[in-house]
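Engineer: Whenever a hint applies, use it, and build me the whole structure from the sequences.
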Amino acid sequence: MANYQFSDLGKVWFVYKDPIKIQFLFADAQSITVKVSPPEALPFFFTAVYASNLLEERQQLWTSLRDTSVSFDLASSPWMVCGDFNEILDPRETSNSSIITSTRAMREFGSCLSDIGVFDLSSQGPKYTWSNHRPSDPIGKKIDRCLVNDLWQLSYPKGFCSFEPPEFSDHTPCHIRLTSTRPSFGTRPFMFPSYLIKLPSFVPTIKECWLQIGGPAGNLTVLCFKLKQLKAPIKSLCKENFSQIERRVQEAKSTLDSHQLQALNFPSEDNLAMEKESREAWLFLRLAEEMFFRQRSRIKWLEAGDLNTQFFHRITMVRNALNGITYLLRGDGSRSQSLKEVHQIAAAHFAGILCTLRGSYCMFLPEYMTRVILTVCTPAHQDLLSAPVTAALIKTTLFKLSLNRTPRPDGLTAEFFRAL
Numbered sequence: 001m002a003n004y005q006f007s008d009l010g011k012v013w014f015v016y017k018d019p020i021k022i023q024f025l026f027a028d029a030q031s032i033t034v035k036v037s038p039p040e041a042l043p044f045f046f047t048a049v050y051a052s053n054l055l056e057e058r059q060q061l062w063t064s065l066r067d068t069s070v071s072f073d074l075a076s077s078p079w080m081v082c083g084d085f086n087e088i089l090d091p092r093e094t095s096n097s098s099i100i101t102s103t104r105a106m107r108e109f110g111s112c113l114s115d116i117g118v119f120d121l122s123s124q125g126p127k128y129t130w131s132n133h134r135p136s137d138p139i140g141k142k143i144d145r146c147l148v149n150d151l152w153q154l155s156y157p158k159g160f161c162s163f164e165p166p167e168f169s170d171h172t173p174c175h176i177r178l179t180s181t182r183p184s185f186g187t188r189p190f191m192f193p194s195y196l197i198k199l200p201s202f203v204p205t206i207k208e209c210w211l212q213i214g215g216p217a218g219n220l221t222v223l224c225f226k227l228k229q230l231k232a233p234i235k236s237l238c239k240e241n242f243s244q245i246e247r248r249v250q251e252a253k254s255t256l257d258s259h260q261l262q263a264l265n266f267p268s269e270d271n272l273a274m275e276k277e278s279r280e281a282w283l284f285l286r287l288a289e290e291m292f293f294r295q296r297s298r299i300k301w302l303e304a305g306d307l308n309t310q311f312f313h314r315i316t317m318v319r320n321a322l323n324g325i326t327y328l329l330r331g332d333g334s335r336s337q338s339l340k341e342v343h344q345i346a347a348a349h350f351a352g353i354l355c356t357l358r359g360s361y362c363m364f365l366p367e368y369m370t371r372v373i374l375t376v377c378t379p380a381h382q383d384l385l386s387a388p389v390t391a392a393l394i395k396t397t398l399f400k401l402s403l404n405r406t407p408r409p410d411g412l413t414a415e416f417f418r419a420l
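Take the sequence shown: its position 251, counted from the start at 1, is 251 in full-length UniProt numbering, and no numbers get skipped.
Quick caveat, the hints were computed from the structure, so don't treat them as lab data.
Cβ-Cβ distance ranges computed for the label pairs, FRET-style:
| # | residue 1 | residue 2 | range |
| --- | --- | --- | --- |
| 1 | 390 | 353 | 37 to 43 Å |
| 2 | 203 | 73 | 44 to 50 Å |
| 3 | 90 | 401 | 29 to 35 Å |
| 4 | 389 | 243 | 36 to 42 Å |
| 5 | 179 | 353 | 31 to 37 Å |
| 6 | 108 | 73 | 19 to 25 Å |
| 7 | 325 | 379 | 48 to 54 Å |
| 8 | 353 | 395 | 36 to 42 Å |
| 9 | 203 | 390 | 21 to 27 Å |
| 10 | 410 | 125 | 32 to 38 Å |
| 11 | 419 | 60 | 53 to 59 Å |
| 12 | 409 | 20 | 42 to 48 Å |
| 13 | 247 | 127 | 38 to 44 Å |
As the structure is a computational prediction, the values presented were derived from the model and not from experiment.
Where is the CB? At the ideal position from N, CA and C, for every residue including glycine.
Structural biologist: So, in structure tokens, the structure goes:
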């Protein structure tokens, strides 16, 4: 499949083989759009792009992509747009030091991507995807991209792409993987689920466990130990009441539907009471689900409005895909073969930085630093810094922590302390 009818050179070719099924939808001089149906996977729409070197013709491509999105209702379908766009989005996407500000062409490209709702798929590979191969004036640019919308990311949450060595070309080929195997290795860090504070039994359970652990925490060591011991009952409460939260919400909704129909068909005191109870249970779980995905999505600018569960779920899926590390490069340039090896390479890298002593001890360092540091604390500031820390000050500072934020190193959030 190619676009020879629009371009004498047939700039865009689409090659595939069984068992993949392809349905042609649209083509022009700079793109081809098809519907891809992989075996045993969800179908999605795919647009292959080869943008012109001329700005005016690229502007026609941006218009064509907008029209394609509207014509085939791609905003409500999984969609991938991939190819050579011959334009960068940001001055940092080129090694050309003379480009320091965003140009009109960059802004038009970015506006197009925003309008059609696509973003870069999680990728591995070099910083730039194109090189001019001029030793006297070398320039690299990121003009090749693999873009997807949020519905594509939801359909293929483990999908990613890698930009490979270019071999004979001046462009890096893009290898797209719809799925990737990321074996589990080790344990995830503990994170307090904020929705747990809505559970009536939360505070009594925590207080009971706190008293069982021991007496008052007189120092930081004891305090950290007692907080660490609370993780087990917190995990138990989560597992008993909120495990598989999405399934629980669906089941609660089904129960509510059944009780509402029962109350309408046979109005009675018992049926209405059951309807009220099931509605409260469903609303409680819906709120917990929304808080769960809000916390995991790290969205801080959306503070109000209706339950945004679907939105937060999409953001969470996108974050998981972007944060996933599929491989690291070994010292010889080859790729790691397992997630365990990824951990080993990362640990060795930081151990080499943080655990290696460089230089020798200088016995005159304190005296030298005294001469170098010209600004010192005034006596009044020294008194403030050395003043005893009161319980009221600790509570005030702790309660100033923002809600729905990333937890502290121990995994506990501001919601945990405020609830107690």
